[in-house]
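Undergrad: For the protein sequence lines, the chains are P and E, in the order given. Number 267 in this note's numbering belongs to position 267 of the first sequence; there are no gaps in the numbering. Number 365 in this note's numbering belongs to position 365 of the second sequence; there are no gaps in the numbering.
Just so you know, these hints were derived from the structure itself, not from any lab. Where hints are given, some of them may not hold.
Claimed, not checked - Mimicking EDC-like on lysine to aspartate or glutamate, the simulated pairs with C-alpha atoms at most 20 angstroms apart in a straight line are:
#1 P:Lys-218 x E:Glu-90
#2 E:Lys-232 x E:Asp-248
#3 P:Lys-218 x E:Glu-33
#4 E:Lys-218 x P:Asp-102
#5 P:Lys-232 x E:Asp-321
#6 E:Lys-327 x E:Glu-33
#7 E:Lys-232 x E:Glu-90
#8 E:Lys-218 x P:Asp-215
#9 P:Lys-156 x P:Asp-177
#10 E:Lys-232 x P:Asp-321
Number of protein chains: 2
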Amino acid sequence: MKESLLLTPGPTNVPAGVLGKTALPMIHHRTKEFQAVLERVNANLQKVFLTRHPVMTFASSGTGAMEASVTNLLSRNDQVLSFSAGKWGERYRDIARVYGMDVKVYAKASGEAFSAAEVGKALDDHPRAKAALITLCETSTGVRHPIQEIAAVTSKSGAMLFVDAISGLLCDPLRMDEWGVDVVVCGSQKGFMLPPGLSFVAVNERAQRAIAGSDLPKYYFNFSETIKMIKKNDTPFTPAVGLIRGLDEALGMILAEGVENVWRRHAEVARWVRREMSSLGLALLATAPSDALTAVRMPEGIVSGDAIKVMRDSHGVVMADGQGELKGKIIRFAHMGAACTMDDARRGFGAFCDAMSKAGFKPPSLKPVKE
Amino acid sequence: MKESLLLTPGPTNVPAGVLGKTALPMIHHRTKEFQAVLERVNANLQKVFLTRHPVMTFASSGTGAMEASVTNLLSRNDQVLSFSAGKWGERYRDIARVYGMDVKVYAKASGEAFSAAEVGKALDDHPRAKAALITLCETSTGVRHPIQEIAAVTSKSGAMLFVDAISGLLCDPLRMDEWGVDVVVCGSQKGFMLPPGLSFVAVNERAQRAIAGSDLPKYYFNFSETIKMIKKNDTPFTPAVGLIRGLDEALGMILAEGVENVWRRHAEVARWVRREMSSLGLALLATAPSDALTAVRMPEGIVSGDAIKVMRDSHGVVMADGQGELKGKIIRFAHMGAACTMDDARRGFGAFCDAMSKAGFKPPSLKPVKE
């Protein structure tokens, strides 16, 4: 069988060249050699986040970085607006609640997205709100939020916009500075083409000013210490040396391709996957689909787990089931990072068709699928 | 030149077989294949910590795990006793302060260690104390604390014993359950022979009972969620898949050698290094030296940085300078994990002698050094 193809919404396949760099013989982190890596990585992260502001790297999962954005920029009893279109929106909501904030929750049914007008209305209703929390790509449903339009609203308000772009960055367009996004959170194992273990947070001027006002305790995830160390090509604590050398390689690959070309590749593959699914008569869950993954509704009588098992066992293709209430009802076909090529998508779609057919699915018509 | 030899107190050299496992093609973390890795890793971590209690793994530096032990087991306004013999003891103190605790600080001069009697006296003076915070090996000075004797005292008191064993575990003996240590914190880049990026916390019954009583907010570092997931061979958040597969390999190597044999190897190498240093007439900083590293005082007129540079540039041997006030005054010669063999120690000592001689040091006598 061919090498396994990870079409899950993270972790995704990691290029061999990146893996190789993560496994170079160890070096100490307080050396000129590693400082040069940090200097390049920090500069290149800014190019990928499209920001001139600091992009911090932490050893943690993406959730750690989400929590860090809350504990460093907000205070107990702050009013925050949570815009949740699924499991990941709920996570931001839950973190803010754990820290004792006054969280006003806006929620969407699975597959639906918030509009900028809805965010604007919520801000009008809550003029004291300090932050609006939202996801770029909500991986539980495959929905993409219109961050550019939303940022146009939040940047004129008193609320900072926190974007969980953990799975979205480099798959869906995001222009942090140009759009006026205050905080962007990301993880390593999606668009960045890395193993899991690193997370990132970028903070603009408004967010950096908020650091001093936060009354929440923090130690490991400390933005002011981390930003200070970035300026010295250093880190407050021992960094994940291997993963950061892999990041250096991955950033080089991404910038050689060009961030806009990376977005275009994701858009093209995503469009193809959506069209093929439609040609089978299958419905997408997302009304406003992300280019990071496509969530397809299972037709009556088919349980997604059965098809997923066939894909995995007979084709070496790994896709994800729905989470929570969506378990059994959708298949999530990711096209992220290094596993976002037309070859990968075709292999994935071929496996999908075979598995669905074995699960008893008959497409509504037999007309050949055109590309 | 030979491959660089990292004799710094972390990161240390990582065996090629472990590096190879960290760089295997990526797999998804919610699969039978990875669950089998987690099951084995969790069982083997217990064998290394010498505990039947859960050992949690986090993607973070060791500092994150130190903070986690405080936020999960203690509460705001709790009285805690900080026993600090250097920079790492100060870190535990600082974390407890950040979380609003009533920290009673006991501090030692550089190179000195606390005795169990001193800890007992402090506990007698503070019968309300909820915790005693101490390091196993204080890497800033090379001191080892007598944890067995200290635990004999704390286990009869109302205070839990938190041991920062980040650099000490697997280098200095620690028998968590037998000695009655409540909390053991560790990192991946020392005795575990792994790249930095993982941390560990083990908690005994008393510590587990304390989880429910803690009023501090936490989300990413959440012991009760993590322990629940360990029982299902799962993790609350996406784990650092590559590093954990490396951990699996490293644990296999450690257990094949045997934990007591690993301690013995460290003790033998450390004894040899201490004896050679003494034979040069050099003084050790630590009155109670750890087997993880040897901190040697520079004689009058020699600045450690000069010798460190010669070792690095002419011999590919990397040792560490002192930190803070000790900068320039000591050299820290680590013998940890995979870089703890007699060959490594001899290469390190050879480089040290050459560098010291170039820095103008003349040993007090010319009598040949016996082994």
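Undergrad: Work down the list of hints and note, for each, if the structure agrees.
TA: Taking the hints in turn, this is what the structure says about them:
1. P:Lys-218 x E:Glu-90: 16 angstroms, holds
2. E:Lys-232 x E:Asp-248: Holds, at about 18 angstroms.
3. P:Lys-218 x E:Glu-33: Not OK: P:Lys-218 and E:Glu-33 at ~36 angstroms, beyond 20 angstroms, violated.
4. E:Lys-218 x P:Asp-102: 17 angstroms, holds
5. P:Lys-232 x E:Asp-321: 19 angstroms, holds
6. E:Lys-327 x E:Glu-33: 47 angstroms, violated
7. E:Lys-232 x E:Glu-90: Roughly 36 angstroms separates the two Cα atoms, so the pair is violated.
8. E:Lys-218 x P:Asp-215: Distance of about 15 angstroms is within 20 angstroms: holds.
9. P:Lys-156 x P:Asp-177: Between P:Lys-156 and P:Asp-177 the Cα gap is close to 14 angstroms, so the pair holds against 20 angstroms.
10. E:Lys-232 x P:Asp-321: Since the Cα atoms of E:Lys-232 and P:Asp-321 sit roughly 19 angstroms apart, the hinted pair holds (cutoff 20 angstroms).
Of the hints listed earlier, those the structure fails to meet are numbers 3, 6 and 7, in rising order.
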